[in-house]
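> All chains, full assembly: derive it from the sequences and hints.
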Amino acid sequence: MALTADRPRTHTPGALAPPVIELRNVVKKYEGGDIALDGVSLNIRRGEFVFLVGHSGSGKSTLMKLLLKEVDPTSGSIRVAGRDLSDITAKKVPYYRRNIGAVFQDFKLLPSRTVHDNVAYALQVTGGSRKEVREKVPDILRMTGLSTKLHNYPDQLSGGEQQRVSVARAFVNHPPLVLADEPTGNLDPETSIGIMQLLYRINRTGTTVVVCTHDHHLVDRMRRRVVELSKGKVIRDVAAGGYREESTQEFGALMRGHNIDLPDDDEIGGLWR
Amino acid sequence: MKVGFFLREALRSVSRNAVPSFAAIASVLVTVLVLGVFIPIVQATTGAANEVRERVIVDVYLGSKAKDSDVERVRRTIAEDTPYVGKVEYVSKEEAYAAEKKRNPEAYELLGSNPLPDTFRVTPDKPDHVEELRASLVGASDPAIDEVKNRREDTNKILSATRVVKMTAAVLSVLLIIASVLLVANTIRLSLFSRRREVEVMRLVGATNWFIRWPFVIEGVILGFMGGVLALLLLLVAKVALVDPLAQDFALIAAPDTIDFRLLAAMLLAASVGVAAAGSGLSLRRFLRV
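Those sequence lines, one after another, are chains A and B.
When we follow this note's numbering, the leftmost residue of the first sequence carries the number 1, and every step to the right adds one.
When we follow this note's numbering, the leftmost residue of the second sequence carries the number 274, and every step to the right adds one.
Just so you know, not all the hints are guaranteed correct.
To be verified - As a list, the in silico SDA-like pairs of lysine to any residue whose alpha-carbon atoms are at most 20 Å apart:
id, chain 1, residue 1, chain 2, residue 2
1, B, Lys-399, B, Arg-436
2, B, Lys-422, B, Arg-349
3, A, Lys-92, B, Thr-481
4, A, Lys-69, B, Arg-559
5, A, Lys-92, B, Arg-558
6, A, Lys-65, B, Arg-470
7, A, Lys-91, B, Glu-473
8, A, Lys-92, B, Ile-485
9, A, Lys-233, A, Ser-41
10, A, Lys-91, B, Trp-483
11, A, Lys-69, B, Arg-470
12, A, Lys-69, B, Glu-473
13, A, Lys-131, B, Gly-277
14, B, Lys-340, B, Thr-392
15, A, Lys-136, A, Pro-176
16, B, Lys-275, A, Gly-128
No lab work stands behind these hints: they were computed from the structure.
Structure representation (structure tokens):
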């Protein structure tokens, strides 16, 4: 890994940081013979921000499902935070999942709950008390810019707002790992940037973030580690090309491309600078 | 287990899913209503059939010259040496004459003498044993016994007719119970199916199976209870307004022993709550495999 000397922060990912995700020769065949993953080996270290790119059907979503233990690999081993996923019994899966914040393309919010209750649910499943809910939920909603939408139901929100709820729910427990599967797939470019900034902000707290996307333009501007999958194989793994820590605003500017002129005060970055 | 949290969740989901909840209540209501009407009807029918079967008897006529000692001997033979005997009733020729004369005075006036024999009316221990009883009485071949008769035609008709009635009632009640359980189970499955995405999301944020299941089970209890109580109220109204006045006017309707209303209500309520709760808990299993 090419590391540069000018890392300003201690939490930045480095060769010495322990791996959070280790894949060894992972193969996943679906019934009917479709090979979704064909011998993937990959290390992701603590605190990294990794893009997983590839066309539809390249195996990105399968990889995400494997990491959430929605499906099991046909062969090969997956270790998350040092634990082999094949050792986790079906009964323990819920407890494992509480250590992962997951963000999905289709948001996967609970339609019968308000914004507040959707986020609170992630705390309640872990046995979080009312006090905990009262303390943490308004906080995270303020961070994601949803304070005014507290009592709205998901179908009353725009796509971008729904995705923010989803991100808030993923992060309210402060999990060490956040997985985002096409988080911007349904969103327009400007809203997408807002969501990416949010994920970047989460990464800056030391959380490992893995983002699946097929949006090459977005990824190319960011100079973060990019793993490209094609037909179930890793065909490119470009380690972080010597990026430095930007502020969230700089990050946003980077994402928009330098020639696009947009107002640089953004609601999320503003809170977190 | 956080009872308060699960209870709030269940109430929320009842109120947020008004249409499926209403469907579940309605199906429980219809089921309990039908069962509540049908159970007493089956009981009354069976009771009536049994009552008719009681009338199956074998008559033992003694010869016209039978003395008191002969009567005593035959009585002992029937009571001690004959199988399948339920009840024995002795009608002396004088008693029989008096009874018949009362019924048909002119005819017996003309007769002058008493042509009727001493008779033992023997009831079998079970109506179905009537043929065996007759055979063994014929086999007793006491010299004093003139004839053993069981009004064969009548007996066979009564036995086969009541058998059909009882069988029909049994088959109908089994079918009805199966239909009721399937109706409630299907309604619950439909309402859960519309929420399978929700269950999937709960799994993905790390909820354990029982954390997801408890609110559904409690919801089942609430819906089953509401449907059951509504149906029982309707049944109570029908009983007070229709059946009770009838029963007072016609002794016939009150005659067969039917289940006590309070016991029936408790049974139906327990069944509706149990089926609804178990149904939603078990149906959920299919959606918990994410």
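> So, for every hint listed, does it hold in this structure?
Structure-based check of each hint:
1. Our distance criterion of 20 Å between C-alpha atoms is met by Lys-399(B) and Arg-436(B), whose separation comes to about 13 Å.
2. Using a Cα cut-off of 20 Å, the hinted pair Lys-422(B) and Arg-349(B) holds, with the two alpha carbons roughly 19 Å apart.
3. Restraint check for Lys-92(A) and Thr-481(B): the C-alpha separation of about 8 Å stays at or below 20 Å, so the hint holds.
4. At most 20 Å may separate the alpha-carbon atoms for a hinted pair to count; Lys-69(A) and Arg-559(B) meet this at roughly 18 Å.
5. Taken as a hint, the Lys-92(A) and Arg-558(B) pair is honoured in the structure, with Cα atoms around 17 Å apart against an allowance of 20 Å.
6. Restraint check: the Cα-Cα separation between Lys-65(A) and Arg-470(B) comes to about 16 Å, which is no more than 20 Å; the hinted pair holds.
7. Note on Lys-91(A) and Glu-473(B): the hinted pairing holds, with a Cα-Cα distance of about 15 Å set against a maximum of 20 Å.
8. Our distance criterion of 20 Å between C-alpha atoms is met by Lys-92(A) and Ile-485(B), whose separation comes to about 15 Å.
9. Proximity of Lys-233(A) to Ser-41(A) is assessed by CA-CA distance (about 9 Å); at most 20 Å being required, the pair is judged to hold.
10. Between the alpha carbons of Lys-91(A) and Trp-483(B) the distance comes to roughly 11 Å, so the proposed pair stays at or under 20 Å and holds.
11. Restraint check for Lys-69(A) and Arg-470(B): satisfied, since their Cα atoms lie roughly 17 Å apart, inside the 20 Å limit.
12. Restraint check for Lys-69(A) and Glu-473(B): the C-alpha separation of about 13 Å stays at or below 20 Å, so the hint holds.
13. Taking the CA atoms of Lys-131(A) and Gly-277(B), the gap is about 15 Å. The hint holds against a cut of 20 Å.
14. Distance check on the hinted pair: Lys-340(B) and Thr-392(B) sit about 13 Å apart at the alpha-carbon level, within 20 Å; holds.
15. For a cut-off of 20 Å, the pair hint linking Lys-136(A) to Pro-176(A) stands: about 17 Å separates their Cα positions.
16. Distance hint between Lys-275(B) and Gly-128(A) is fulfilled; the C-alpha atoms sit about 11 Å from each other, no more than 20 Å.
Violation of the numbered hints given earlier is absent; every hint is satisfied by the structure.
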